[in-house]
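Asks: Based on the hints, put chains U, P and X in the right spot on chain V.
4 protein chains.
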Amino acid sequence: MNRKLRLGMIGGGPGAFIGAVHRIAARMDNEYELVCGAFSRTPGKSKQTGDELQLDPQRVYNSYEEMIMKEKELTEDVRMEVVSIVTPNDVHFDSSKMALENGFHVVLDKPMTFNLAEAKQLKEIVEKSGKLFCLTHTYTGYPMVKEARYQVKQGNIGKVRKVVAAYPQGWLTELLEETDNKQASWRTDPSKSGMAGCMGDIGTHAFNLAEYVSGLQVTQLCADLNIVVPGRKLDDDGTVLLKFNNGASGFLYASQIMAGEENDITVKVYGETGGVEWKQSDCNTLLIKRFNKPTEVFRTGTVYVSSFAKHNTRTPAGHPEGYLEAFANHYRNFALCVKAGLEHQQPKEEWLDYPGAEDGVRGMAFIERVIASDKSDQKWTNFTL
Amino acid sequence: MNRKLRLGMIGGGPGAFIGAVHRIAARMDNEYELVCGAFSRTPGKSKQTGDELQLDPQRVYNSYEEMIMKEKELTEDVRMEVVSIVTPNDVHFDSSKMALENGFHVVLDKPMTFNLAEAKQLKEIVEKSGKLFCLTHTYTGYPMVKEARYQVKQGNIGKVRKVVAAYPQGWLTELLEETDNKQASWRTDPSKSGMAGCMGDIGTHAFNLAEYVSGLQVTQLCADLNIVVPGRKLDDDGTVLLKFNNGASGFLYASQIMAGEENDITVKVYGETGGVEWKQSDCNTLLIKRFNKPTEVFRTGTVYVSSFAKHNTRTPAGHPEGYLEAFANHYRNFALCVKAGLEHQQPKEEWLDYPGAEDGVRGMAFIERVIASDKSDQKWTNFTL
Amino acid sequence: MNRKLRLGMIGGGPGAFIGAVHRIAARMDNEYELVCGAFSRTPGKSKQTGDELQLDPQRVYNSYEEMIMKEKELTEDVRMEVVSIVTPNDVHFDSSKMALENGFHVVLDKPMTFNLAEAKQLKEIVEKSGKLFCLTHTYTGYPMVKEARYQVKQGNIGKVRKVVAAYPQGWLTELLEETDNKQASWRTDPSKSGMAGCMGDIGTHAFNLAEYVSGLQVTQLCADLNIVVPGRKLDDDGTVLLKFNNGASGFLYASQIMAGEENDITVKVYGETGGVEWKQSDCNTLLIKRFNKPTEVFRTGTVYVSSFAKHNTRTPAGHPEGYLEAFANHYRNFALCVKAGLEHQQPKEEWLDYPGAEDGVRGMAFIERVIASDKSDQKWTNFTL
Amino acid sequence: MNRKLRLGMIGGGPGAFIGAVHRIAARMDNEYELVCGAFSRTPGKSKQTGDELQLDPQRVYNSYEEMIMKEKELTEDVRMEVVSIVTPNDVHFDSSKMALENGFHVVLDKPMTFNLAEAKQLKEIVEKSGKLFCLTHTYTGYPMVKEARYQVKQGNIGKVRKVVAAYPQGWLTELLEETDNKQASWRTDPSKSGMAGCMGDIGTHAFNLAEYVSGLQVTQLCADLNIVVPGRKLDDDGTVLLKFNNGASGFLYASQIMAGEENDITVKVYGETGGVEWKQSDCNTLLIKRFNKPTEVFRTGTVYVSSFAKHNTRTPAGHPEGYLEAFANHYRNFALCVKAGLEHQQPKEEWLDYPGAEDGVRGMAFIERVIASDKSDQKWTNFTL
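Protein chains in written order, with the numbering used here: chain V, 1 to 385; chain U, 1001 to 1385; chain P, 2001 to 2385; chain X, 3001 to 3385.
Source of the hints: derived by calculation from the structure; they are not laboratory data. Hints should not be assumed to be uniformly reliable.
In silico DSBU-like links for lysine-lysine, alpha-carbon gap of 35 angstroms or less [claimed, not checked]: (1) V/279 <-> P/2004; (2) X/3153 <-> V/293; (3) P/2004 <-> X/3045; (4) P/2243 <-> V/375.
Now the in silico label distances, taken between C-beta atoms and shown as ranges [unchecked claim]: (5) U/1048 <-> V/341: 24 to 30 angstroms; (6) U/1349 <-> V/344: 51 to 57 angstroms; (7) U/1377 <-> X/3293: 51 to 57 angstroms; (8) P/2352 <-> X/3358: 48 to 54 angstroms; (9) U/1073 <-> X/3293: 50 to 56 angstroms; (10) V/345 <-> P/2380: 52 to 58 angstroms; (11) P/2378 <-> V/15: 42 to 48 angstroms.
These numbers were taken from a predicted model, which means no experiment stands behind them. Where is the CB? At the ideal position from N, CA and C, for every residue including glycine.
Only chain V is shown next, with the shape it has when bound in the complex:
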């Protein structure tokens, strides 16, 4: 099927960061056409963004409810097919639910919902709806992260023994939420962000990456969360000890107060015979370590990488692809799956490799369990859904 999917967007109005990223990602591979949007709860702002994006003013809405209902009334060949939801966390559940139940596929920014109960419910709604659902855990979109998962899955490092994930940031080193920084404000506000700050915003990425690459699931954890900057309302730093379902151990940490750090999310997984190591600051490189043998440097765009890495790359080795391309990989794979569905075809294994509702539920459980553990005097807290 050779046409663009019609895309609508909820959120992403003036001052937003991630909305623009979603739009570039959707545009990158020519798989989507943005046809409508409810970009802000403030009507003038929604219109402003709609105009900037040159949308038909008739299809720029003042609320997602209006958008979903009005789009539904349009003819099948006109109305949006996929909706991207890029609002603060507190809007995720209601808007996703309404979209799915009215027949739209959903791409949702992470974390999935405001709390675990909502996430579980949303997962059921997804399953019941028969619609496709993508949760944009960006980092699993990188070709070398996919290669890492592939190498582990193939047994090339043996049974996994140790998993380390890290997400160091420094942008909240000062009390930025007291300035007019929109990003800082909602992310540190419990009523918008949920029960966790740093752990919800970026700890979930580290958690997702750890499980994705290792192919394992966390079964127990022990968290130490901190509010480092005086006056902040949610955690801005934390470390979590982890136990996995095959007996492996590990830990992750996330922080927003490591002054001078940017966004160098990292994952390392070690097994009986070797290890894999990836970090965003050198995102087209995957180190494959081997016991008593030279480390091998795997690179994006080469002939020797797996079909999972190749499928998610646009240029030959040495032309760096980055964050926007990783994000676009999720959008592209989601589009390929939506189209396969429209054509009643079986999607390829490589296309199905985008994060979904299960990742979302586990991410929300991670947040709840981490908060529970942090409050507990007991060392270990079970990771239960």
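Replies: The following block gives chains U, P and X in isolation, referenced to the frame of chain V:
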């Protein structure tokens, strides 16, 4: 002015590499809409690509001549405004000339033309046409390359003394042109590529980068070119000693037979008090070296970089932007200037910072002078236009 | 005072690793002359090593007790003045005690003793003896580690908020102690090594580095230790959450089963305005990170580093100094202090900067507290001496 | 044979840099005992250094002539056996000649002599004398440089096609010789240093490294030398195009005015199937690149490296060895060969791998040919001895 520019494309049919890159670059920032194309001289192939891109079949042409003439006949609000030319080098001149003379702005892949005489002529045509012209020397689109130029220009390393540029590749380590590799075939064929192989294809990039970052011009050179792989028809490796117009010295090298190398184009410029160093493999980092002081690590997306770096970045520090974004920066700046023209406004200094006809002529002169020097027994060959 | 100190050695016979390192370190700066040794409990082996080292056979002893008693009987201008103890951990206490009580200065390999009680006792013996005592926590001998401590101490990163230390190794990925590997055998044997394996051997280094660079002391910890390789008797992997006496948080990990890792001990300390980062694999570099400013790359041997870094460097910047030089720095500083004592002069601040009994006691307490925490169901275990 | 060789030193008095390095190198592996010296032409200064080194005042001489003659008169079991010559270049020939002709083995700092004629003569003297001769081209002492040579020699990268060597420094960015800097003064003074400045001082190291690792010999060159800093008397920067005896091409550059650079001497050799890359700033790593396969990271101290790398390493992988250890490797191998000679045994291949007179002659020829080429209008100058 808030609308997309209407873009046509010449070249970029099935099997092409750079055509797809141009299309992604044009799409990235929502500044262009591809409306027509003459993607291949083989009619079926042009149609195939047009269909894949979901173009109106009426506007998929069998030749660029047809496209230019037919588009010209369309009404002003429908016809293409900018044409991207992404063919092998031998088609650059004629198609650019025809496009410019018929009122279309041109984005042309490098090198500018088949030879220097054509390049000079094309530059005159550009100037006479009143149309805008961009030559896609990709690497000057990187934010940290722009920062490097800015730092040098500001005098932050003092008067420039030494300039080093390198473009190491390894993909032509074997006689790939004997296989059915389209990229290798035309790039090593004198009738398609021109008088130079490696020096024309990638040496020109190193040359352009050296002059761009240093702010200097080459006045003399001494070249040693090699055909390393037996059976190849054009140079696949070479080193060139350089003298610059302020008295500085330096060299560049380019090679396609450094087995295991990818595309790590690099530039280093040293002055009386410090130096700047950039390489594509770590493209979001600029090292600023200082005599007897610590090296400073400048990074894309930070608050402390110049307006030239900031204007050409989409995401905060630590979310890697790469080759496609650098390419897109040229397209975006070109669009901003075209639109400024349509609105009779003065473009900003940051927008004007894309490579143009002067870069193209100098690049072609570089090729001719390098070939002349390689054949000469004299050490130094003057760099004259 | 311009003469070499007379050095004796306990341990370091055939098959030992660290003994040879101590000897090179002592020799490096011409401050010591090895005059005697009790290199092994097996008499033939002690003689073998003594011969290899060209010692006077009269001064090669079959036990440390014999060495101490016989050397004591020699005239003051002949007998050893300093003794290096490089045996497995179970011998540390008795031999150090005897040496100190008989008038010899002691350089002791870490960890200080077999258990905390011994360490405290030994510290008292040191203080009572009036003799000098050095515990060779190698990594604080690196010039850039000293620079890191200096920068933190000067307040250049503000009040410390977060401390991370890591010691990843992979050499015990397999059950090496079942082969005839002497190093693996004693280090994994509770009767030789003490209650901890990995945490005692290398976790103590990470702990020492964390406290040294941050200038803080651990007050609480939460440990998760693992025996990863089946059949092993002591921990070979672990992570420890840390609380510090100024309210800062952090963690350390140490592992000997991260297949493909070598010895890349690392420390990162972050404060209110910046951070410092050092790792052994790039040991002559110290990254100084700053909030919203470029990272600065400090380098060994430069003009701009502190007197602590300069004093501990032999060659100009860019001539890499490494592990043996770091080790030698402890030996050299210890010699300078011993000599200052002999001359009744005040040692310089830079000379006094070698690890001593206090570091040793804290290291042993770390081992005991980590083991206690690992066994506890409570999250936090107080760090008490 | 288990005893230390008796070493004398010519040069290396107060203010010298390389003399101290030689002494540490000689001491490192316990193979030498410094027994005498003529450290300076200024008598008081020679005595000062002799005292600092605790030498027998009877064996601290005021001139090398005196030292050689007096030492010769001592009994065979007392007199020096090896002499280290670490003076400025103008003294190299006479002192080496006298030492060799009077029966002493010689370790000489590079470059070999003041000019090529002397070098050739000295090579003949060495051969005639039957004494051993080592020229301390430090960088071939690094284990990973030896591994690089081994890999090339084994054919693991195929027939060599391209050779690149670089020695960037920045310490002469200013006119340091006008201050009281002893190092800068003699190195930029034609009467002490010879006809070349930068090319003699460090270009020769790059040249030596290029030939050593590639296993090839330069046959033609084309040099561009510069005096960048006004007022300097000798070249402080230059690039040299190279042709090798198997048809390979390449280049080297050396500079002392690349502000902010330290001593990152680098070599890269590419063949038909791969390449090797080494640089001093990461001296324990050797990159082995392969066409269409992952780069392999070879590391000092591992189990998988060659006997040449292993023999020249003291500590396990991940404990960085550096410049002093590389230097010491030459001293140690030289000692092993001298001792083998004393015992009428055949030295091992690994021991013989230290630079000698042939390297010295080629280095001096390089200097002369580079200067000749720089002055010539012809592109290529033959490299003849």
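Asks: Check the hint pairing residue 2004 of chain P with residue 3045 of chain X against an upper bound of 35 angstroms on the C-alpha distance.
Replies: holds (21 angstroms)
Asks: Honestly, do residue 1377 of chain U and residue 3293 of chain X meet the 51 to 57 angstroms range at C-beta?
Replies: violated (41 angstroms)
Asks: Starting from the hint 24 to 30 angstroms, judge whether the C-beta atoms of residue 1048 of chain U and residue 341 of chain V obey it.
Replies: Because 25 angstroms falls inside the window, the suggested range holds.
Asks: Per the hint of 50 to 56 angstroms, is the separation of the Cβ atoms of residue 1073 of chain U and residue 3293 of chain X within bounds?
Replies: holds (54 angstroms)
Asks: Verify the CB-CB distance for residue 345 of chain V and residue 2380 of chain P against the hinted window 52 to 58 angstroms.
Replies: holds (56 angstroms)
Asks: If you draw a straight line from the CA of residue 2243 of chain P to the CA of residue 375 of chain V, is it 35 angstroms or shorter?
Replies: holds (16 angstroms)
Asks: Compare the distance between the alpha carbons of residue 279 of chain V and residue 2004 of chain P with 35 angstroms, and conclude whether the hinted pair is satisfied.
Replies: violated (49 angstroms)
Asks: When you take the CB atoms of residue 2352 of chain P and residue 3358 of chain X, is the distance between them in 48 to 54 angstroms?
Replies: holds (50 angstroms)
Asks: Hey, residue 3153 of chain X versus residue 293 of chain V, does the alpha-carbon distance stay inside 35 angstroms?
Replies: holds (21 angstroms)
Asks: Can you let me know if the beta-carbon spacing of residue 1349 of chain U and residue 344 of chain V is within 51 to 57 angstroms?
Replies: About 54 angstroms separates the Cβ atoms of residue 1349 of chain U and residue 344 of chain V, which means 51 to 57 angstroms holds.
Asks: Starting from the hint 42 to 48 angstroms, judge whether the C-beta atoms of residue 2378 of chain P and residue 15 of chain V obey it.
Replies: holds (46 angstroms)
The structure shown violates the earlier hints numbered 1, 7.
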